[in-house]
Structure formats: structure tokens, C-alpha cells
Amino acid sequence: MLGRRLEIICAGFGGQGVMLMGQLLAYAGMRCGLQVTWMPSYGPEQRGGTANCTVVISEGDIASPIVARPHVAVVMNPPSFEKFEPRVMPHGVLLVNSSMVGDLSERTDIDVFYIPAVEVAGSLGDEHTANMVMAGALLSATGALPLEAVVEEMGHNISGSKTHLIEPNRRALRAGYGLIPADTRHPLYFKVAAS
Amino acid sequence: MIAKPLHERVLMKGNEALAEAALKAGCRAFFGYPITPASEIATYMARRMPQEGGVFLQPESEIAAVSMAFGAAGTGTRAMTATSSPGISLMSECISYLAGAEVPCVLVNVMRVGPGLGGIQPSQADYLQATRGLGHGDFHVIVLAPATLQEMVDFTFDAFELSERYRNPVLILADGVLGQMMEPVVFHRQIDPAELSEPEWATTGATGRRKRVIFSLYLDPERLEVHNRHLQCKYESIRAREPRFKTYDLEGARMLVVAYGTSARVAYHAIELAEREHVPVGLFRPQTLYPFPYAALRSVIQEHAIEHVLTVELSAGQLVEDVRLALEGRCPVSVFGRTGGEVPAPLEVLEAIAERMEEVRGGLVY
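Just so you know, the sequences run in chain order A and B.
Quick note: the first sequence, position 25, residue 103 per the working numbering, numbers continuous.
Quick note: the second sequence, position 141, residue 122 per the working numbering, numbers continuous.
Simulated from the structure, these hints should not be mistaken for lab results.
Just so we're clear, the structure is a prediction, and the values are computed from it rather than from any experiment.
A couple of the hints might just be wrong.
[To be verified] Taking CB as the label site, the calculated pair distances span: (1) A:Ala146 to B:Val36: 41 to 47 Å; (2) B:Val36 to A:Pro164: 49 to 55 Å; (3) A:Ala146 to B:Pro313: 56 to 62 Å; (4) B:Arg235 to A:Pro168: 41 to 47 Å; (5) B:Gly52 to A:Asn235: 35 to 41 Å; (6) B:Gly100 to A:Pro246: 37 to 43 Å; (7) A:Pro164 to B:Glu(-11): 38 to 44 Å; (8) A:Gly200 to B:Gln171: 56 to 62 Å; (9) B:Ser218 to A:Leu243: 53 to 59 Å; (10) A:Pro246 to B:Ile44: 33 to 39 Å.
Heads up, the beta-carbon is just placed ideally off N, CA and C, and yes, glycines get one too.
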């Protein structure tokens, strides 16, 4: 049996860090003892073009890494909103980077969170960490993985000349997590031992 | 970039996992020309191969790449080249030479969509090329079809061993999804190439011994027929010993899906969804495409009284040819194929399964 699983699509402009956001979730999921897959859209993508990745986190083996209708979508820019807002599964979660996406979702069958990710990241000192603000909000709104597991994972995945970026990214992640009101926070989706 | 640890789950891209596996299997010569979606294999080798003391070279074309691999493999070194579909077409002349000269070599095709330059999205449309027409002449290569990144790793080890056991090229047939996606893998083994014994045919310098010559040219028809017969005997023993497959959810199945690689993953998800709707369907997944597990598929059909077989493939209907050969008309067979680089999601495959199942239940298929 395939077991309980969570399917997430992260989408945005190339350069907004959506691939990295997805990879971070995959790494952290693996370290929590779960099965994970990460599948990028690949093509003639470049900075400014659109990019997305699909992350599946599961208690059991993952058969298909290909997902048409995700449980969760993070949209960082208008084209991604247009493409993925209609695809989120009923009862799913949509996280919108409201700093760049002006549209409001008309769907009533999903939970939508509007996150001013660029402003929040900017107020912390680096707009480039907007992706981590969104990732933090995702953890809080979906319970996909324990916040501390992802905070910890960041230390494993940023290395060499980039270690100075670990702390700003961690701050952004925590700030994003805190943006979701405590009463709408989702309990942990999987039974995992927090690292 | 450093060597990946043994016995530990590591999250890697398929292409990189395959490259690391090749290094751990003792590959010390890699030649490759970059092409999406296979390029990361060459990129990874460019960084890691020098650390292992081997040779990485990016030549001017795929023809040169495979020819260099031929030369390196001729010294008994574990050698590999990797590309994507159009690159394999370019390599085909030399692949035939490798087969004719009986030089073990590992080839990788991370398939993209064709024909022609086609596109860069995933595909399985090189099935017939890989299993029947990889070059001129009467020959076959062993074709391994991984469906998970762990199999990308394990089959790479197997590929080197099979290629040496049979003195025959082995092709790992992956696709753009398997090359590009990430999934945890474990490296269970590491082979020190210094501990591999030198094959008795390897051209390593004839000082102090009789010379050895590697060739595929026989101008004497009598000798060439003997050579061809020898090759055919070898293929027969490969067909007898090496077919591999996996089955899933056969219990109570009335319908069977046959799929390999990425298609098998999507199909398996669809089958799990189908079970929730009480649609009795199982999955047969060939892991070797040459030799195709004909006998195994036939006995699954008979044992479970399967009433319909559906192939799910990223091609217009290629795998289905082997399925038909296996079944010899015992059971109706149909195809669900996507082309153009489109990869179906599980729900789409589920619809195709449900549609066929309705026909089976309604007796329409007969």
C-alpha cells in the first residue's frame, strides 16, 4: 500500500527559489524517516521564466512522482497562480505570495493563505528569502513537517561559501511560520519524530 | 562535490545517483557529450571522476564519445557513456561494433521525446530501437529498465557485471523523469577496480605475451557465420537466464497493466486508486526489456485468468509489441500511450483502466 501522502507543488519565476524550497522540504522529509520525491519542471527555464517542482512526502513508497492535482500549492507569481490555483485538490491548501500576486482566489473548497512574502523577507533584511517565508507558512498551514526539522535541515544543505546565508534563511522560515494565526495552524500531517 | 557515503540514505537526482553508482561500481572511464535530460551524468562525472583517478572526457560528439568508450573498454577498464535519445542514434554504428567485437561497455539512454530533435521532455519512444534496432547486424544489447532511483543505482552495478559476464554492451534505459527527479538512494557496495581481474582479451600492451586483437571485421563468410552463431548462442543464454520483472496486486486481478520505468510508477499509483474503487487490476513491470520476460508474463496471464492487458507507455505503442509476442493471442491487448513529452498523471491512467475494465465486464472486448 502506498500509505498517507502529501503532494506539494511550488511554482514561481526562475530565481525566486522555488526549486530550492521544494528540495529543502524533500531533504527534511527524508531526514524525518519519510519517503520523498522531488520532480522539477525542466525545460528552457531561466531567471525570469516560470519554474515549478513537485514534492511528494509519504509514509509509504511513492509510486508516481507526477502529480496533476496537488494537495498543496505555493504560488510565487501571477502565471503560477493562474496555472495552479484551479488544480489544488478540494480541501487542499493554496499559499499565495501576495507581494507579487494581486488576484484573490474565488475557490471556497480550499484554504487560501495570502502571504506578503517579499515585504516580510525585506523587513528581515533580505528579500531573497521570500521563498523561505513561504516555506515557513506552508509548514504551519499544512503541518507537512515539523518546523524545527526544516530549520535543522537548512544547516545540512547550505555549505561552503554560503554558510552565512543559513541564519537569515532560518529567520525567514520562522517568520513565515509565525504568519499563520495559531488557530488555523494545521496539526502535524505525519507521525514523525521531530529531530 | 565528494563521494557519497555507503549504507546511508542520500537524496539525489537520478542522473547523479547513476553516475555515483558507476564510480562505486569501479567505472574509471567516462566519455559524454551533454544533452538534456542526461547532462547531469556528464557534469557529475566531470567533477567526481578525477577524484577517483579515472578519465572524464567531453569529446566533440556522441560518435566520438562511444568510440572512446569502446577504446577504453577494450583495455578491460569499466567504461561508460551516457546520452539522451538523439545521441543514441548517433552512437548506433559504434554500438554495433561493440557488440560485434564483444566488448563489455555500459551505455545509458535517458530518453527524451522524438522523432528528430523532438523535444527535451520525458519519453519511452526508444523502446523498439533499444530492444531491436540499436545498430546494423544481428545483435542485441541487454536492456535494463529502472523504475526507481534505487534501481538506477543497483542496475548500474548489474550493468557492469552483466556486460562483463556476457562480453556484451548493456544499455540502461531510463527517461527524463528518472534522470531529473530526486529520491533517496542507498549505495550498498563499492568496488575497487584494482581488485577486478584483467580479462583475458584486454588489450593492455603485449609485452611478454602474445598479442590480443579486438575487431569486428571478418571478410571470410564462413568464419563470420561461425562468429554470428556464437553471438546467437550467447543471446539465447541471456534470454534463458536474465529476464527480470516484478508483479504487483495480482490477487484477484481480471485485468493486467504492463509498464516499465516512469510509466510503471504512474500506473502503480493508478492501480492503487483503482483498488479503492474495487477495480481488480494488477501490474507487471519488466525490469529487463531485452531479454523481455515473455514466459513470466505468459504464466501470469494464465495463472490469474487475465481477461485484458493494457500497456501504459510514453510512446504510441512499442512495449505492446513485446506483450503481444508474449501472449500469442491468448488475451486482448490494448495501449494507453502518451507522446510529445506528455507524462500522464495517475488519474488519467485510472480513467483508461476503468474504461477498459467496463469493456471487460460488459464483454465488449471479445
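Find the hints from earlier in the document that the structure breaks and name them by number, from lowest to highest.
The structure conflicts with hints 3, 4, 8, 10, although it agrees with all the remaining ones.
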